[in-house]
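K.L.:
What follows is the residue order along each chain.
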Amino acid sequence: MSYSKTIVLTNYDGETFVVDEVVAVEPQTIEHMIEDGCANTSIPLPNVTSKILSKVIEHCKKHVETPNSNEKAAKADLKSFDFDFVKADQGTLFDLILAMNYLNIKELLDLIYQTVADMIKGKTPEEEEEMRRVNAWVFSCFVGVTCLYFKSKKM
Amino acid sequence: MSDYLPIEIQVEILKKLPVKSLIQCRSVSKAWKSLIDSSDFIAHYSGQQQHLLVSYHDDFDRKYVSVVDDDAFPRHKVPLTVPVPVDMLKHSRIIGSSHGLLCLYSGYGETAVVWNISIRRAVAVNVPNVGDYYRYGAVLGFGVCGETNDPKIVKITPMDSTSSIPWQIDVFTLSIGAWRRPYSTNLPRKSLNFDCSLLGVVVDGDFCWLATDRITMDGERWSVNLIISFDLTSEEFTEINLPDALAHLERLHLSMSKLRESLVLIQGYLCNEDVFHVWMMEDDVPKLFTKMFTICIPGVVVLGVLEFRKSGEPIIEILDSSCDPYEDDSSLVVYEPCSKHITHLGISGMCSFFLSCYMGSCLGISGMCSFSSYSYKETLLLLDHPDLTTYDI
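Line by line, the protein sequences give chains A and B. Each residue of the first sequence is one higher than the one before, starting from 1 at the first, in full-length UniProt numbering. Each residue of the second sequence is one higher than the one before, starting from 1 at the first, in full-length UniProt numbering.
Just so you know, these hints were derived from the structure itself, not from any lab. Take these hints with a grain of salt, some might be off.
[Unchecked claim] Simulated crosslink set (BS3-like; lysine-lysine; CA at most 27 Å straight-line):
1. B/Lys310 / A/Lys121
2. B/Lys77 / B/Lys310
3. A/Lys72 / B/Lys310
4. A/Lys121 / B/Lys258
5. B/Lys340 / A/Lys121
6. A/Lys121 / B/Lys16
7. B/Lys377 / A/Lys121
8. A/Lys121 / B/Lys90
9. B/Lys77 / A/Lys106
10. A/Lys121 / B/Lys20
11. B/Lys30 / A/Lys87
12. B/Lys15 / A/Lys106
13. A/Lys87 / B/Lys77
14. B/Lys310 / A/Lys55
15. A/Lys55 / B/Lys30
16. B/Lys90 / A/Lys79
17. A/Lys121 / B/Lys30
18. A/Lys72 / A/Lys51
[As the list claims (entries may be wrong)] Some but not every residue of chain B turned toward chain A, in silico, with C-beta under 7 Å:
19. Val19
20. Ser66
21. Asp70
Quick reminder that beta carbons are idealized off the backbone N, C-alpha and C, glycines included.
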């Protein structure tokens with residue numbers, strides 16, 4: 001497979017990532033930047049850390065490289081890749097959400113939203129306790145559910 | 001960075017939650033409560049998971065069970081607690097189901113109740129002058145407008161010959177909380193006869209009734225079956241013609257359902273042979289109905305086809321085998337058209353042969369059924385309506 005052009009992405013830490021254009025246009029935000037001619041030197045992505053950006057690039061690569069066929073095996077492979085991809089810790093997941101939202105990668109966003117929703121749905125108070133220490137946002141939810149739990153126990 | 005997510009992302013995540021979790025999340029913070037309670041969120045939320053509502057009579061009480069339509073179907077069954085307005089309705093019949101709401105009507109007290117199955121909330125609406133099955137009464141329909149997500153009840157009253165219009169149309173809109181008379185240019189023809197005993201179906205924002213038209217051709221009088229649809233957004237009527245194979249059938253041999261937003265007609269000859277044909281309307285093209293499959297299970301009496309699973313398999317009611325059909329129970333099964341295999345849902349009820357006579361419904365092919373069943377997704381509609389609200393005229 002030969003790519004015509006490479007694109008340079010510069011992230012929050014000033015690090016640069018050289019990626020093939022086919023991979024870089026997966027995120028809609030970057031595609032639009034290239035279309036608008038803002039990508040002559042390098043594309044600045046000030047909102048994304050290098051850890052997250054390399055994860056995003058890994059995801060885009062996988063999706064570009066997987067043949068776009070209706071083949072069942074390829075589809076299943078991509079699905080299991082996505083499934084493993086979102087199996088990250090809370091902090092990474094939330095950074096990913098923000099990055100994906102900024103870069104506008106819709107299909108993966110959907111999957112991450114579902115992952116977070118499932119976290120909110122299936123929590124026992126003990127798990128919430130653990131979660132609360134790790135993350136401040138979902139935390140607010142678990143406080144609420146925990147309060148409910150104790151209220152109902154007292155009654 | 002991770003301790004803050006923009007509100008629009010929070011909304012997207014909350015939309016992925018089932019209703020039960022959302023109701024819990026309302027207690028988390030004021031911000032979340034006002035977000036979930038906002039009319040925008042209520043109107044645009046629709047649960048991810050498909051459910052199947054089953055209603056049946058047990059000792060003359062109506063019972064409701066919700067079954068999750070997932071891979072484990074029919075393992076996850078939950079008996080539903082009926083809210084007070086629904087419980088108070090005597091001898092009610094179901095008018096329709098749309099967007100996770102069920103609408104029931106009772107002639108005793110002239111009341112319709114709109115019930116959100118997922119959040120146990122119901123509002124009552126006074127519906128006067130409907131009449132009953134035997135008198136030439138009004139026809140009711142219920143559905144949620146696809147554009148505004150506003151529940152509507154429509155009442156079609158036949159006018160006598162002195163009137164300038166064939167039908168009087170009244171529409172109740174829940175957001176306004178009042179009845180009004182919309183201006184319709186294309187009212188159904190006078191010669192039409194709506195079948196009140198049959199449930200209507202909401203397909204793609206249209207409420208559909210099965211009707212018959214009496215026509216005279218070559219000096220002979222004919223009955224022709226057709227479908228009348230009422231667009232819940234524009235409030236206009238459309239006639240949908242049926243292919244000849246269905247248009248000239250005996251009316252009682254037809255019933256209606258839907259599968260993935262397509263209209264489905266079920267043709268059955270209960271008295272002769274237990275064979276049901278399932279026809280689906282293609283791409284909204286009137287007259288273009290294709291026969292999808294035939295339901296025929298050797299040695300089993302099929303009473304009717306009630307609904308379809310998300311996967312397309314029909315939910316059918318069968319008679320539990322015994323010699324005396326008048327004192328028998330019936331049960332619900334899923335039918336697999338290719339293998340002709342049936343799977344029991346584990347819900348049994350009284351056979352309705354006598355019951356439906358008692359309840360006063362006509363004995364069409366669906367009149368033989370004691371069950372009724374609806375596919376639905378969870379909704380928050382009615383959450384912003386106080387419980388026990390009654391809309392009087």
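K.L.:
Between B/Lys310 and A/Lys55, is the straight-line Cα distance small enough, at 27 Å or below?
P.N.:
violated, 36 Å
K.L.:
Between the alpha carbons of A/Lys121 and B/Lys90, is the straight-line distance 27 Å or under?
P.N.:
Violated. A/Lys121 to B/Lys90 sits at ~38 Å, over the 27 Å cutoff.
K.L.:
With the threshold set at 27 Å, check whether the alpha-carbon distance from A/Lys121 to B/Lys16 stays at or below it.
P.N.:
This hinted pair holds, its Cα atoms lying about 10 Å apart.
K.L.:
If you draw a straight line from the CA of A/Lys87 to the CA of B/Lys77, is it 27 Å or shorter?
P.N.:
violated, 30 Å
K.L.:
Take the C-alpha atoms of B/Lys90 and A/Lys79, compute the straight-line distance between them, and say whether it is at most 27 Å.
P.N.:
Given pair B/Lys90, A/Lys79 is violated - Cα atoms ~51 Å apart, limit 27 Å.
K.L.:
Given the hint that A/Lys72 pairs with A/Lys51, does the C-alpha gap stay at or below 27 Å?
P.N.:
violated, 31 Å
K.L.:
For A/Lys121 and B/Lys30, compute the direct alpha-carbon distance and say whether it is at most 27 Å.
P.N.:
Holds. A/Lys121 to B/Lys30 sits at ~19 Å (cutoff 27 Å).
K.L.:
Against the 27 Å threshold, does the CA-CA distance of B/Lys310 and A/Lys121 hold or violate the hint?
P.N.:
Satisfied, since the Cα-Cα distance of roughly 23 Å is no more than 27 Å.
K.L.:
Is the hinted pair B/Lys77 and A/Lys106 satisfied, with a Cα-Cα distance of at most 27 Å?
P.N.:
violated, 34 Å
K.L.:
Holds or violated: are the alpha carbons of B/Lys340 and A/Lys121 at most 27 Å from each other?
P.N.:
violated, 38 Å
K.L.:
Can the restraint linking A/Lys121 and B/Lys258 be considered satisfied, given a maximum Cα separation of 27 Å?
P.N.:
violated, 31 Å
K.L.:
Are B/Lys30 and A/Lys87 close enough, with their CA atoms no more than 27 Å apart?
P.N.:
With a Cα-Cα distance of about 30 Å, the restraint between B/Lys30 and A/Lys87 is violated, given a limit of 27 Å.
Checked against the numbered hints above, the structure breaks hints 4, 5, 8, 9, 11, 13, 14, 15, 16, 18, 19, 20 and 21 and satisfies the rest.
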